[in-house]
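S.K.: Since chain A is already given, all that's left is putting chain B with the ligands on it; use the hints.
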Amino acid sequence: MKDSQGPLWEVFIQKKSGQPFVHAGNIHAFDKEMALQNARDTYTRRMEGVAIWVVMSSNIVSSSPEEQGSFFDPANDKIFRHPTFYQVPDAIKHM
Amino acid sequence: MKTLDFEQLFESKLANGEMIEPKDWMPENYRKHNIRQISQHAHSEIVGMLPEGNWITRAPSLRRKLVLLAKVQDEGGHGLYLYTAAESMGISRDELLDALHTGKAKYSSIFNYPTLTWADVPAIGWLVDGAAIMNQVMLQRTSYGPYSRAMIRICKEESFHQRQGYEGMCALAFGTPDQKKMAQDALNRFWFPTLMMFGPPDKESPNSENALKWRIKRETNDELRQKFVNQTVPQIDYLGLDYPTNSGIKWNEAKQEYDFNEPDWVEFKNVISGNGPCNKERIEARVKAHNNGAWVRAAAAAYAEKQKQKSVAA
Ligand SMILES: [Fe+2]
Ligand SMILES: [Fe+2]
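Line order of the protein sequences matches chains A and B. Numbering-wise (the numbering used here), the first sequence opens with residue 1 and increments by one. Numbering-wise (the numbering used here), the second sequence opens with residue 1 and increments by one.
Quick caveat, the hints were computed from the structure, so don't treat them as lab data.
DSS-like cross-link-like pairs, simulated, lysine-lysine; straight-line CA separation at most 25 Å:
| no. | chain 1 | residue 1 | chain 2 | residue 2 |
| --- | --- | --- | --- | --- |
| 1 | A | Lys16 | B | Lys156 |
| 2 | A | Lys32 | B | Lys310 |
| 3 | B | Lys23 | B | Lys13 |
Not the full set, but computed from the structure, chain A residues with beta-carbon under 7 Å of chain B:
| no. | residue |
| --- | --- |
| 4 | Asp3 |
| 5 | Ser4 |
| 6 | Gly25 |
| 7 | Asp31 |
| 8 | Pro65 |
Since the model is a prediction, treat every value here as computed from it, not as a measurement. Heads up, the beta-carbon is just placed ideally off N, CA and C, and yes, glycines get one too.
The shape of chain A in the complex, shown without the other chains (with noise of 0.2 Å):
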C-alpha cells in the first residue's frame, strides 16, 4: 500500500545466541538501514534481543489460511516419522 511512511518490514528478533529468530512485528522504514534502526528503537528497548532480521513485508510469501487443511495434508497420515512409532525392547537403553 502507497503510504508517505515509506514500505512495511516485518521484523524478526533473535534473543540470545544460538535461538532462533521469531517474528516480532512491523515497521515502516524507507531503506534497510532505516529499517534496522527503527526496529532496534521499536522492538529492543530493553535488551529484548543481540540481533535483528528485517525484510520488506511485500517479499513475504504466505501460505493460504484457506487451503491448510490439504496444504498440510501430506504430513497428516505419516505417524511413522515420529519415535513412538517405533517399539524398542524394554532391555535397551539409550534410544
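M.R.: Quick look at chain B with the ligands alone, frame taken from chain A:
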C-alpha cells in the same frame, strides 16, 4: 468455499478460542470494529505522550526526568505496535493519521485534560496507566492475533509506568505539606476522568455487544471500572490522601467491594466529541509535528530512491 462456509469457519475459530489472523476471512463488521478500536487505541498512545511530555523539561530531578523520557518514549512505541496491527487489516498509516488529524477518529478522553502541576505526572502513571493496564490485560486475549500480540508486548512495558507513578505519588504524599496538597489536588482532578476511561456504562455502550460476541473484549466497561476502583482505593488509603470530593467511595460489606459514584457522563460525551479543555491543543500539536516531519519523509524517500538507482546501475 461459499461465504457461508467462511463464516462457519470464522465462528468455529472463535468458539474454539483460536485467533483470527490477517489473511483469514472475517466478517466486514469484525474488520471495521477492530480497525476502529485498534486505531483509537493507537491514537491514544500517541496523543497520550503530550500531557506528560509537557513536564519533561521541568522534571524535579535528573532521575525523574530520565524515567519520564523513557515512559513517554514507550508510549510512542505502543502507538507504533498498534498502528501496524490496524494496518494488517488493510488500512494505510496515512489514512489512520488523517482520521486523527481531521478529528474523524477518537482517542481516549483522558488526554484532553491538562497537566497543571508536576504532581499530575505521577498521578497519571498511577491512575491512568493503572486503568489502561486493566483494559490491556484483558485485551491480551482478544481474538485478533496482531492486536493480541501487540497487547502482550505492551503489558510487559506498562508495569513500570504505573510503578514509577505510584513511587512519585509516595514522594509527594509523604513530603512537605505543600507537596501533599499537590498530590491531593492531582488525585481530585484525575479521579473522574480516569473512571471515564473504561467507557460509558454497559446499558449505554453501543459497541459492547459485538465486542463481547467476537471476543474482542472479554469484560464489560462496568466490570473493569469496578475492578479498578477495588484495586485503587487501598492505594489511596496508603498514601493518606482523602477520597476525591463527591467520589462516594465506601466499602460495601455485603458486596465485598467498594461503592462509588459514576463520573459525569454528560461531561464525558462533551470531551469525546471535541469540547474538552485541551482537545484543540492536542490535535494542533499532532498536526504540527506531522507537518514539520514532511520534509524528513520526503528526503528519506528521495534518498532511498537514489540508492535503488545506484544499485541498479552498479
Ligand atoms: Fe501505553
Ligand atoms: Fe503507559
